Amino acid sequence: MKKIMSFKMSAAVAMAMVLFSSSLLFAAGPWNYVRQLPAADSGVKLGLPSALSIDAVKQRYYVVDAEGGQLVSFDKDGKFLAAFNAGGELKTPLSMARTSSGALWAVNRASSELLYINPRQQKVQRFSPKYPDGAQILPAKVAVDGKNRLFLLDQRRGAVLQLDDNLSVVQQYSGGKEFKGFVDFKLKGQQIWALDGLSAAIHQFSVAGEVAGAVTLEGLEFPVSLEVDSAGQFYVLDRHAGTVVVFGPSGDLRFSFLGKGKRHGQLWYAKELVFDWEEKLCVVDEGNGRIDILTR
Amino acid sequence: MLMTKMKTILILLAVSLVLPTAALAVDCFKCHDTAEFKGRVVHSPVADADCLSCHGPHVSRHKKLLLQSERDLCLQCHEQVADTVANKPALHAPVREGRCSSCHDPHASAQKKLLRQSGGALCFECHEETKQDYKVSHQPFSRGNCTSCHAAHGGDDNRLLKSVGSDLCFACHNQSKKMEAKHLGQDMSGMDCLACHHPHGGDSRNLVRSVSHAPFAEKNCQACHGKDLGIDSCLTCHDDVLGSFNFAHNHLGIAGQGNPCISCHNPHVGDQQGMLPANIGAACRDCHADTFARQEKNLHKHSNWNRCSDCHNLHGSDGVAMLKQKNDVCNLCHDQHKGFTHPIGDDALDPRNNQPMDCLTCHNGNDGSDYRYFLRGSGERGLCVQCHQSY
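Going down the list, the sequences are from chains H and W. Numbered per my numbering, the first sequence spans residues 1 to 296. Numbered per my numbering, the second sequence spans residues 297 to 687.
If you are wondering where the hints come from, they were derived from the structure by calculation, not from laboratory data. Source: prediction; values computed, not measured. Check each hint, because a few of them may be wrong.
What follows is a set of in silico ranges between Cβ atoms, one per label pair, in the way DEER data are often shown [unchecked claim]:
| hint | chain 1 | residue 1 | chain 2 | residue 2 | range |
| --- | --- | --- | --- | --- | --- |
| 1 | H | Gly-265 | W | Ser-605 | 48 to 56 Å |
| 2 | H | Lys-130 | W | Gln-376 | 19 to 27 Å |
| 3 | H | Gln-121 | W | Ser-686 | 50 to 58 Å |
| 4 | H | Gln-121 | W | Ser-540 | 17 to 25 Å |
| 5 | H | Gly-176 | W | Lys-634 | 21 to 29 Å |
| 6 | H | Gly-265 | W | Val-338 | 53 to 61 Å |
All C-beta atoms, glycine included, are put in the ideal place defined by N, C-alpha and C.
Based on the sequences and whatever the hints tell you, model everything.
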């Protein structure tokens, strides 16, 4: 496990350079539709796309299909590459993260487990991580940072957790008195941004566990996912309204785009927002069975 | 002498003011039976025979030849109601829709406030499900004094309660030593009495809701209290329930470090199994206020739309909106529609997103809509051209 989690400096530097250059190239302008995953004429079908993972180095998209029990990869142009079901071990997968060595962490909702998948060795290990008090963690999302550190969103307590190589909790990130539970989080360098959906609040933490602040957002119906751009703006996905709402760093409403529906540029019970390596905005749209990719 | 002249002038002035109105009223009553305008309570313009204060005699854009829409016309004089409409977040549906005459007779009535019927009978015309026979009834309920607790036009609470928490109850009930003792000496000012007591009626004198959690019934408070275990307070006994959340969408993670179970389940008593309220929507509304707000605005909605658990799996589901049987949920009740419906299923793909069509493609059973059968557009054209663009 230590080896898997080993720090890959070159990958981190490459990722940082990609992110930095993207912030210069894609500074402003209206958001425009680029493509969808899978392409309408590709013959590839997603049952219930529930999450998206990005490989910024290889410039690939990995879609988690909860209904199909598979992970589906696409290249930077949206061309279908492969579908992988881990030998039938994936049962309602909800989230995945790829380590720098190519191994995968996946949340298996049907068994409420965390899977560690080594695609090269065709080996799947199942884990049920626990809190220090023995309570089982109920994973909903998984992420890996540039140092291959593992982060989970736990539904039992609504907290984001950092786990060590032995899958022990080394850090917990949660809100204060009004905290209802995080529904999404994003890792950005040494910062963690987490969205409390029911309280419509974004919390910021350092990876070390310090609370850096929180902003409350107004005018949202049912926020489920967030992203943070290189200018520090928050992009919040409103699942019921079918919109992406953009807020300034202090929570001031800037603008919103997209809308509820089934055509391009419309969302139907969308689940997640993810920026790719060029800060193109990817919207995981469960109801429409696709990932919409937008740029500006 | 001067006084006599003044009197004559005043009488003449009064006659000159009254005569035209009286003459107009006479004209109206030539055709309109005066009996329909008589009652114990008469609307003041009718009493003054001032029909033209509300109606135009010749033509109007509004039904009944009203000078303005019903809502605007009434609110013009009834400023207190206008203030409620402008400032209260929760409005009674007829008020929101400007249908004042659903409850009030604009001319005359045997009831005070020009109500069409006496309190309870009037309310039960729409709130039929509320009309129940209880072994023991709350006095305002049995007497039909709904407005003892509910504000008829609007309020701060979606139940249109006049006040919330214990303030509502303490308006009539005194906080006695005996009552405090029954509540283990707790400060009752912050309590939500309605969480445990049914405001309309019940089986017992204290109107405690009918289904009790076993530890509560056994007065075994320590089974749950005294430990800060979050969800484990419940899982200690109900560990088999945890698997019912293992779906793509579930209702965990909604209470932070606290116990998500009590977001929906009352840990002490309820109206039905699972210690849920009889009106299941009441448990859903707190978190899904946006859905309820949309539903309330729409003209047509699914019957029993407040019974969320008819269509949704409340612990978890692999469907996008936690629907039962995913998008096949409608067949639970409308199975016969399969025989004559628009093609649905894997062989009928929606051209907008290439997904299989289902009932919910055209019907909005969740929010309702302004179209018949809560269609997502006009059934004559607007809905169909979404896909059939050459239609």
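State, for the Cβ atoms of Gly-265 of chain H and Val-338 of chain W, whether the hinted interval 53 to 61 Å holds or is violated. 58 Å, holds
Honestly, do Lys-130 of chain H and Gln-376 of chain W meet the 19 to 27 Å range at C-beta? Check failed, 60 Å falls outside 19 to 27 Å.
17 to 25 Å was suggested as the range; check whether the CB atoms of Gln-121 of chain H and Ser-540 of chain W agree with it. 35 Å, violated
Gln-121 of chain H versus Ser-686 of chain W beta-carbon gap, inside 50 to 58 Å or not: About 55 Å separates the Cβ atoms of Gln-121 of chain H and Ser-686 of chain W, which means 50 to 58 Å holds.
Distance restraint hint 21 to 29 Å, applied to the beta-carbon atoms of Gly-176 of chain H and Lys-634 of chain W: Taking Cβ atoms as reference, Gly-176 of chain H and Lys-634 of chain W lie about 51 Å apart, which means the hint is violated.
Status of the given 48 to 56 Å range, CB of Ser-605 of chain W versus CB of Gly-265 of chain H: At 34 Å between Cβs, range violated.
Violated hints, listed in ascending order, are 1, 2, 4, 5; each of the other numbered hints is respected by the structure.
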